[in-house]
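Undergrad: Given the coordinates of chain A, assemble chain B onto it according to the supplied hints.
Single-letter residue listing:
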Amino acid sequence: MDIILAILLGGLFGFVLQKVGAANPQQILGMLRLSDLHLMKAIFLAIGISSLTLFGLLATGMIDGAHLSVKSSYVGVIGGGIILGTGWAITGFCPGTGLVAAGAGRKDALVFILGGLLGAWLFTLSFGALADTFLFADLGGKATLAQTGSTSYPAMFGTLPGLLVAGSLALMFIAIAWLLPEHSTKVHSTRNIVDTAPKETLSSER
Amino acid sequence: MNKLLTQTQWNWLTSGVALGVTFLLAVLLVKPIGVSTQFVIFDGIVWNLFSNSVVQVDEGAKSGYTSANSYLAKSGGKYAENVANPFNYSFIFVIAMIGGGFLAARLQGEKTPPEQNIAPDIWRDTFGDSLWRRYAAVFLGGILVLFGARLAGGCTSGHMMSGMMQTSLSGYLFAMGAFAAAVPVALLLYKRRN
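Protein sequences appear in the order of chains A and B. Take 1176 as the starting number for the first sequence in our numbering and just add one per residue. Take 12 as the starting number for the second sequence in our numbering and just add one per residue.
If we strip away everything but chain A, and leave its shape as in the complex, we get (with noise of 0.2 Å):
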């Protein structure tokens, strides 16, 4: 049964980022350039509408804590940030992004993926000299904003109820996602709304 989860739920990811268009290092490149925010706009809306829907099936017990799975606060999750950032403006690719672009026939993803294999490795190598660095110094560990019922995670706004901080959250999400111009150089924020037009992505900067 898992194994069946995990092809139809990966199948569904990987058909997503590629018609969402961030398989395409282009529009990664004019979204991380500020020039072309279809991506931008699209994420803030994913975020906003899974955290939305998630704290809400939560505050109403239809679902509990323990599908989450809070991932630790360390110095090296910014340093990996910035790590990865940097190497995600030169390609345009990021690790599942990648892999799925490969598969739409890409062929700079796969020599992308062989460098990523090697990073990997790498990493996996100077794991036991750098765990006991400053890179591995706690910020906060298993720390959400907001309360999600579960032990395991500390909420930063522990007081407050979990749907009205992550609520209020997703609703600004949403908020950035419909007011972002879509592109820096014509903006027509209440044309987007309405297009549904096919898009030629990679024209459509010209």
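Simulated from the structure, these hints should not be mistaken for laboratory data. Heads up, a few of these hints could be off.
[Unchecked claim] Partial chain A-side listing against chain B, Cβ under 8 Å, derived: (1) G1186; (2) P1200; (3) I1238; (4) G1291; (5) L1314.
We put the beta carbon where it would ideally sit given N, CA and C, even for glycine.
TA: What follows is chain B alone, placed relative to chain A:
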């Protein structure tokens, strides 16, 4: 519906809803989506072919496995166990993502021109058409991306999307670090074209 399957790229609204529903479905049915750990597992599988200390059976470990490598041995040998038995949810999920990308590209109405499948326009406008320059850059960039992801304990999927959805502090820290580096590097690296 048919148009959604053949479109090259969805508009931002459809994109955001589809992405949000996917991350939510994964949490509701199994667990939050993550990708970059599986690069380590794949490395371990290959490494294990050449060395017999990479995965060791250890009755005392929580997972029943350990490794001579301290990263594969950490958290009760969880990674060593997955290297020994890669037929598990997280690994198959990531392999299936490749299939999802393949299917989406196959159903697509218009085909991507071959030169754009090697380097995006933005790249070629700045660095020219050299195949090997692009390959060298994505190889080195790939090393940075996965080294960074493992140091951070997750990538854009696990930390940023799944993390911020759960309001994880770590998701916010990761996103700050990633964008603080990626935006200036992208602005400096690529020519402006307006």
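Undergrad: If you test the structure against every hint from before, which numbers come out violated?
TA: none
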